[in-house]
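Q: Listed here are the chains, written in short residue letters.
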Amino acid sequence: MAAEPKLSHTAAMILQAINAGYIYGFSVMEMTGLPSGTVYPAMRRLERDDLIRSHWERQSIADAEQRPARKYYKLTAAGRSTLEVSRKRYPLLERLIPTEEAEQV
Amino acid sequence: MTPWVEPAFCAFHGLLVGGAALLVPAAQRAEWLREWRAELWHVRRSCACAGEMTAFCLGAFKDAWCLREHLRRERVRTVSLHSSAGQCLLGLAAVMAACCTVAYLLPQARPVTDALRSPARAGLILIRQPDDGSGGHAAISFRHYKVLSETRNRYLDGFAFYRIDREKLLNGQVRQGGWKIAYATPNLFSVLGIPVQSMDGNNEAGDGMPAAMVSEALWRSEFGADPEIVGKVLCVGAREARIVGVAPSRAWKLPEPVDAWVLAPEEVMARSRAGNVMAHLTGAGRAQMWAGSVNITVYGRNNSELDLSGISIDGQTVTPWQMFRFAVFLALLALPAITTVSMGEYGPSSHRPPWPRRIVRWLYLVAKFALLLPIAYYASLDLAYWRSFGSSYAADYIQLFSAFAICLGGMRWALLDQRQRCPICLKRVAHPAQVGLASRTFLAWNGTELICTGGHTLLHVPGLPTSWFATEQWLYLDASWEFLFAGTDAG
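Residue numbers (my numbering), protein chains in the order written: chain A, 374 to 478; chain B, 5 to 495.
If you're looking for bench data, these hints aren't it; they were derived computationally from the structure.
In this text, a Cβ means the ideal position worked out from N, Cα and C, and glycines have one as well.
One thing to keep in mind: the hints can contain errors.
Here are a few chain B residues that face chain A, going by a calculated C-beta distance under 7 Å [claimed, not checked]: (1) Glu39; (2) Ala42; (3) Glu43; (4) Trp45; (5) His46; (6) Val47; (7) Cys51; (8) Gly63; (9) Lys66; (10) Asp67; (11) Cys70.
Sequences are here, hints too, so could you generate the full structure?
A: Shown next as structure tokens:
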């Protein structure tokens, strides 16, 4: 039995995007180019496997910007270690979604 | 874009997301909808093309469906957890506790359960004169009772005389009428072996008044279950008696029910008409019993012979426990007619499980039966005594039929459940797959295959039992199957 879960390329890309700072569903869609019917179910599976964690944005921040509050995602410790394993498995992952871009979002 | 098109698309996309939300289980729907509506708001701000927005909204259906399937699988996993052997036994134990509690709480069933705690003394007989041809049994006079009790007899070691009259009781200021009163010799309860709730050491209350015992039913209905009843004076007919205790319900096993007993001295009883004689058989006397009766010949002082017959009191009433044993016997007889009693064979190429596993499997079956029997007993008591029926026969028949039905159904379930449990881990096999074609039964095999979720065994159930494949067969899965069960407790 494998100790680390083996992620598909799509799931690894989503994990990498979240790690890079694309922390809500639509931004992950935009970054990865994946359709909504792929991204959201994949994010729910990652959350179920405790690789990512979600939280709601504070309503006051959303109200100040006159928009609905967003649900944000971030990697857990298990998610980070899984991503490390996935990067070795998919070496192009970091080139597709560079982590440096996180600072710009 | 014309001004009315944008609101129309907004409404359309809102409808799409709202429609997709219907697929999401109700508990998660609000949060799911909140997230998708927030995302949709941002998509509207970013996408100029309505087609892209529609594509985005259609993705909501896939997300909703995935979430629904995930929760369904979680539920299935929970159900399979509940189908583990331990959970099954715990469930049965809980049902047993519930049935038992109800039986002890039902007022109509309480006399039965009380009688179980204080069973009647064994070897009691009711002595009567032989049938005089009139269809009934003549009563015995007090004189004959004295002859009986004073004659040395190795078969009988205790006698009591009683006579039942219908009398009025004066309780306080109210005259109650029509109660069945048994006038008896003082040793009646000691011969019967009835434990009395509160009993004065003396038969007489010390003031010359005869002692009286009231039944539990009378104590509850007429005295309001008064805990201070002992010592009170009760007017029975024309005489007074002092209450010395309360007799437990159903303790009186004799044919005619009685509401109160007046324990009068023998000189008072000697003036009474003929009555009944109870006796207790010694071990030698019980050996002489035949079909619940025994013949007794008493020789008087003047060498006169008196032929009497003794009828077993135990044999006159069928207890709920006897009724239940009979129902279990009937259910055991009927069981092979409704299900096969085989536990499944082991495939010819497959090894048998180690003997500790086999013992555990059999212990599990025994445990299920051991829990089912009390469930059937107490549930049948609950059904028979949930309300008072006019005749005790009605309750007896209801108990017999319900105990039979519960035993038969329960045993059938226990066997079916056992046959569908993996002999290694005792989990229920799952994922049934139809194999083969029914039309090829005589050339090949057709039926259903079920697999142990722990990866231990495969169960073949024939669709049509044949001479070469009559019953279910277990096939053990070797290590080459383990990769299919990653994450389970295979091995």
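Q: Which of the listed hints are broken here?
A: When the structure is compared with the hints, only number 7 turns out to be violated.
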